[in-house]
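Everything in the sequence shown is counted per this note's numbering, starting at 6 for the first residue and increasing by one.
These are calculated hints, taken from the structure and not from any lab test. Some hints here could point you the wrong way.
[Said to hold, decoys possible] Within a straight-line C-alpha distance of at most 35 Å, the following computed DSBU-like cross-link-like pairs (lysine-lysine) qualify:
#1 K478 <-> K493
#2 K327 <-> K10
#3 K644 <-> K478
#4 K272 <-> K493
#5 K327 <-> K18
#6 K171 <-> K641
#7 K272 <-> K294
#8 K327 <-> K478
#9 K579 <-> K493
#10 K163 <-> K644
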Amino acid sequence: MNDLKLAFRQLLKNPGFTTVAVLTLAVGFGANTAVFSLVNEFLLRPLPVKDPEQLFGVVLIDRGGDYANQRIPFPVYRDYREQSRVFSELLAYAPVSAPMQIGDATRYVRIQLVSANFFSALGVVPASGRTFVAEDDRTPGQTPVAVISDSCWRDTFKADPMVIGKTFVLRPNYVEPLTCRIVGVAPAGFDGLDKFRPQVWLPGVMEEHFKRSMGVDFRLVRRLAPDVNRGQAVAELDVVAQNIARKYRGAVIPGYENEGIFRSDLKTQLRHAALGSWGAFKSHSVLRKATALAMGVVGLVLLIACANISNLLLARAARRRKEIAIRLSLGATRGQLLRQMLTESMALSLLGSGAGMLVAHWVNRLLLALKPGDLELVVQTDVDYRVVCFALFVAVLAGLIFGTAPAWQAARCDVNSALKDETAVVGSERSLHLRDLLAVGQIALCLVLLIGAGLCLRSFAALNAANPGFNVKNLVVVPLELQGHTEKSVGPFYQELAQRLESLPGIQSVSVARPQKDEFIVVEFAEVGPNYFETMGIPVVQTPEMGLQQSGSLAWVNESFVRRYWPGQNPIGKRVGPFVVNGVVRDSQIKNLTDRPGPYLYLQSAELRSTSLTLIVKTDGNTRAAMATVRRELLKDNKDLDLSRMRTMRQILADSLVDQRFLLILLGGF
6 MNDLKLAFRQ
16 LLKNPGFTTV
26 AVLTLAVGFG
36 ANTAVFSLVN
46 EFLLRPLPVK
56 DPEQLFGVVL
66 IDRGGDYANQ
76 RIPFPVYRDY
86 REQSRVFSEL
96 LAYAPVSAPM
106 QIGDATRYVR
116 IQLVSANFFS
126 ALGVVPASGR
136 TFVAEDDRTP
146 GQTPVAVISD
156 SCWRDTFKAD
166 PMVIGKTFVL
176 RPNYVEPLTC
186 RIVGVAPAGF
196 DGLDKFRPQV
206 WLPGVMEEHF
216 KRSMGVDFRL
226 VRRLAPDVNR
236 GQAVAELDVV
246 AQNIARKYRG
256 AVIPGYENEG
266 IFRSDLKTQL
276 RHAALGSWGA
286 FKSHSVLRKA
296 TALAMGVVGL
306 VLLIACANIS
316 NLLLARAARR
326 RKEIAIRLSL
336 GATRGQLLRQ
346 MLTESMALSL
356 LGSGAGMLVA
366 HWVNRLLLAL
376 KPGDLELVVQ
386 TDVDYRVVCF
396 ALFVAVLAGL
406 IFGTAPAWQA
416 ARCDVNSALK
426 DETAVVGSER
436 SLHLRDLLAV
446 GQIALCLVLL
456 IGAGLCLRSF
466 AALNAANPGF
476 NVKNLVVVPL
486 ELQGHTEKSV
496 GPFYQELAQR
506 LESLPGIQSV
516 SVARPQKDEF
526 IVVEFAEVGP
536 NYFETMGIPV
546 VQTPEMGLQQ
556 SGSLAWVNES
566 FVRRYWPGQN
576 PIGKRVGPFV
586 VNGVVRDSQI
596 KNLTDRPGPY
606 LYLQSAELRS
616 TSLTLIVKTD
626 GNTRAAMATV
636 RRELLKDNKD
646 LDLSRMRTMR
656 QILADSLVDQ
666 RFLLILLGGF
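The whole structure should be built from the sequences, with the hints applied where relevant.
Below is the structure:
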């Protein structure tokens with residue numbers, strides 16, 4: 006305790022040195038604590054559910070250890086539930102989406118289809134109303150009930166205290182609209198088991214209404230029984246998976262022809278499902294790489310700060326040689342001096358750590374302010390015990406790193422020479438070599454950070470300048486949810502709309518595509534309208550010879566599709582299901598600029614039937630004026646049409662680089 010008091014007295018006697026040192030350390034500690042708060046949020050912080058450490062996601066992997074391309078429809082969830090014995094609870098959820106209509110207003114919402122025990126198994130008590138019971142999950146034909154999130158209740162229903170019992174309409178494609186009755190409101194702070202927050206929860210049996218328009222993949226989450234370890238659970242789940250594969254005998258699951266078979270070569274992994282918002286069902290390799298990179302960068306920042314402080318302490322120890330010599334001559338041992346010097350370093354480090362907590366809080370708030378709007382990221386700026394423990398650990402470690410060499414140098418002081426004024430300068434030169442090494446080390450570490458940031462900047466610039474394989478300029482993209490139309494009326498409506506738009510000044514051509522899930526244009530395949538390739542500017546490289554044009558339902562494939570499935574063959578006239586290949590187009594990076602072009606299939610039906618369309622408009626160069634024209638024409642037909650997602654193609658491609666842009670902000674900031 007006396008050492009600690011003396012340490013703080015020494016620091017207070019030198020306010021200039023102490024202020025500079027604390028501020029320097031605050032930068033290093035703050036950067037490390039800010040990054041650790043992200044790790045804590047994504048991987049460590051328990052979600053607000055009962056016993057989160059007992060919840061495990063069931064992840065199916067293939068022989069190579071990668072995520073298996075295996076969807077789990079609702080009947081397979083029921084198979085797992087009936088055959089598993091090592092879990093006290095088995096729950097499931099599947100993310101889907103659809104337009105929600107309330108009165109005349111329509112908005113696109115994220116939905117989760119969940120098992121009836123979803124909320125009860127998680128120990129989630131509704132803020133009002135109730136959650137699901139077994140009777141809500143019997144048949145897809147029953148009236149659907151819904152639980153809405155707290156944010157949906159506040160934003161969409163204006164915090165209506167009488168919301169229980171009210172209805173809204175969901176409009177999945179290719180089925181009749183669903184009129185849903187609200188039975189409960191989830192508590193504030195509960196947003197499910199991953200970072201993609203749903204606004205609405207529906208019973209899992211309602212999968213029947215969504216599977217025609219999108220792949221529905223249920224994610225299984227199990228609560229481990231108290232007397233069962235993870236190894237036993239994995240062994241049983243592998244057996245259950247084999248039993249399910251045998252049950253369907255390599256055939257498609259009845260009613261799920263588009264989902265393929267349940268594979269028999271899959272293995273099971275259990276991953277924590279409620280520790281951190283990253284969740285169990287996203288690639289942890291991506292998170293590990295990002296975390297390692299960020300921690301490496303801020304670790305270098307902290308090392309630079311430590312080298313700087315160590316240099317300052319060495320210079321300070323040289324000036325205190327006479328004081329140290331007097332202490333030694335009065336009977337102090339070198340061990341006592343070493344302990345005292347290390348205590349001063351620890352006190353300095355703890356002060357820097359406290360200031361670093363404030364810096365970390367400000368950095369987190371800055372990250373939230375600077376993050377791109379489309380990036381799903383939530384940073385909890387409140388401090389929990391994990392962040393405090395990490396900050397203390399780093400403070401102690403850093404104190405030892407920057408304090409040991411100066412303390413050792415000071416304790417080795419030669420009493421006789423230090424007491425002679427004429428040799429004081431010579432005595433201080435003992436630490437000169439070490440100080441030079443520390444200065445060189447700081448410069449080297451700074452160069453590493455600058456080179457790394459420069460390489461990231463160059464890579465990002467190269468991505469921005471990359472040729473995606475289609476015309477980026479002068480394109481306007483308008484996702485539409487056509488309310489009030491049926492499958493039969495969509496085709497004529499689109500034809501009339503396209504003719505009307507193409508007759509207007511500033512618009513050269515118009516086409517359409519049907520998106521999959523939340524993608525704007527295509528993922529692996531898309532339905533496209535006439536003039537699609539001309540409008541998008543995708544070069545056509547092969548067409549039927551004169552007199553051999555195909556008719557009926559046509560398909561166009563890209564060059565990667567031909568190389569993978571028909572190498573060395575003429576693809577024209579070949580069949581893909583009911584579609585006949587009518588041409589080959591150049592590869593393009595339509596989804597985003599970071600993915601390599603893969604096999605793509607463009608389906609051109611005789612007539613469009615989907616009420617979810619993406620309108621693509623090629624302009625003569627003035628995209629802003631064209632967007633105003635398109636908006637005006639569309640609102641003539643439906644004044645309540647949601648056009649909030651209308652964007653230019655340049656904006657869409659920029660959004661595809663949102664992760665890289667945010668990483669550049671992180672690296673540049675640190």
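Provide an ascending list of the numbers of those earlier hints which the structure does not satisfy. Structure breaks hints 4, 8.
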